[in-house]
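Visitor: Sequence:
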Amino acid sequence: MKNCLFVIACLISILGKSQVDFTGGLLAGGVASQISGDGLGGWDKFGVRAGGWIHMDYNGVYGTQLGIEYVNKGSAKQADVNNGDFNQFSFRLHYVEVPILVTYSLKNFRFGIGPSVGLLINQKVEYNGAIGDPSPPFETLDLSGNISVAWIIGDHSLLEFRGSSSFLPTRPAPAVVNKLSYYEQGNYNQVIGLSYMFRF
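Residue 1 is where the sequence shown starts when you use our numbering, and the numbers rise one by one after that.
Don't take each hint at face value.
[Said to hold, decoys possible] Listed next, the in silico EDC-like pairs over lysine to aspartate or glutamate satisfying Cα-Cα at most 20 Å (straight line):
hint : residue 1 : residue 2
1    : 107       : 155
2    : 124       : 139
3    : 124       : 44
4    : 107       : 21
5    : 77        : 44
6    : 77        : 126
7    : 77        : 133
8    : 107       : 139
[Claimed, not checked] Pairwise CB distance ranges (calculated):
hint : residue 1 : residue 2 : range
9    : 113       : 30        : 16 to 24 Å
10   : 143       : 200       : 24 to 32 Å
11   : 26        : 128       : 33 to 41 Å
12   : 161       : 135       : 33 to 41 Å
13   : 59        : 81        : 52 to 60 Å
14   : 127       : 30        : 20 to 28 Å
15   : 50        : 135       : 26 to 34 Å
16   : 141       : 78        : 24 to 32 Å
17   : 20        : 151       : 18 to 26 Å
18   : 163       : 82        : 28 to 36 Å
19   : 161       : 128       : 29 to 37 Å
20   : 172       : 128       : 21 to 29 Å
Treat the hints as calculated values from the structure; they're not laboratory data.
Values in this document were obtained by computation on a predicted structure and should not be read as measured data.
Each residue gets a CB set at the ideal place from its N, CA and C atoms; glycine is no exception.
All chains should be built: construct the whole structure from the sequences, respecting the hints.
Guide: The following block contains the structure:
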């Protein structure tokens, strides 16, 4: 994480010497997540995303967006009492994440794609109200790919939809049937979210 922040600082320093238009601000929004390979289906784990961002516009079309964010990830299964299922289960994962997106602006829209590095700061598993530590535990780092679409509403407001998925396992798979299957190599965080971005 320290190396990533050092690279970002160097990039900002270098670009600061060229003709780059810098803008930045804060963001906050909601996310829905799931974990591929955990045996639970659906985007049933809800959480928040909040943090700060900076955008470097090179020529009015291409740019780079950097951020430092807190984001909830995980998965959940709710009890279905009407069908005789009284079991509730969830993974609760808390990350500090640094996304780096290459952006393309077209009229009032900004499209982004790029990686992010997430540092896991807390992990819990809940089963029918009992809270404990996941076994096996999740990896400390989550390396993900991101795509985003931001609608530029005005001088100070953007509305961003973003999707992300881990491209390396965040946790060993509980059971592997096909060793050649990418998604059976482990658990992968997958997140979709909608955020309001305030621009200073």
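Visitor: If a hint holds in the structure, say so; if it does not, say that too.
Guide: For each hint, the structure was consulted:
no. : hint                  : verdict
1   : 107 x 155             : holds (13 Å)
2   : 124 x 139             : holds (13 Å)
3   : 124 x 44              : holds (16 Å)
4   : 107 x 21              : holds (17 Å)
5   : 77 x 44               : holds (7 Å)
6   : 77 x 126              : holds (10 Å)
7   : 77 x 133              : holds (17 Å)
8   : 107 x 139             : violated (40 Å)
9   : 113 x 30: 16 to 24 Å  : holds (22 Å)
10  : 143 x 200: 24 to 32 Å : holds (30 Å)
11  : 26 x 128: 33 to 41 Å  : holds (37 Å)
12  : 161 x 135: 33 to 41 Å : holds (35 Å)
13  : 59 x 81: 52 to 60 Å   : holds (58 Å)
14  : 127 x 30: 20 to 28 Å  : holds (25 Å)
15  : 50 x 135: 26 to 34 Å  : holds (29 Å)
16  : 141 x 78: 24 to 32 Å  : holds (29 Å)
17  : 20 x 151: 18 to 26 Å  : holds (23 Å)
18  : 163 x 82: 28 to 36 Å  : holds (32 Å)
19  : 161 x 128: 29 to 37 Å : holds (34 Å)
20  : 172 x 128: 21 to 29 Å : holds (24 Å)
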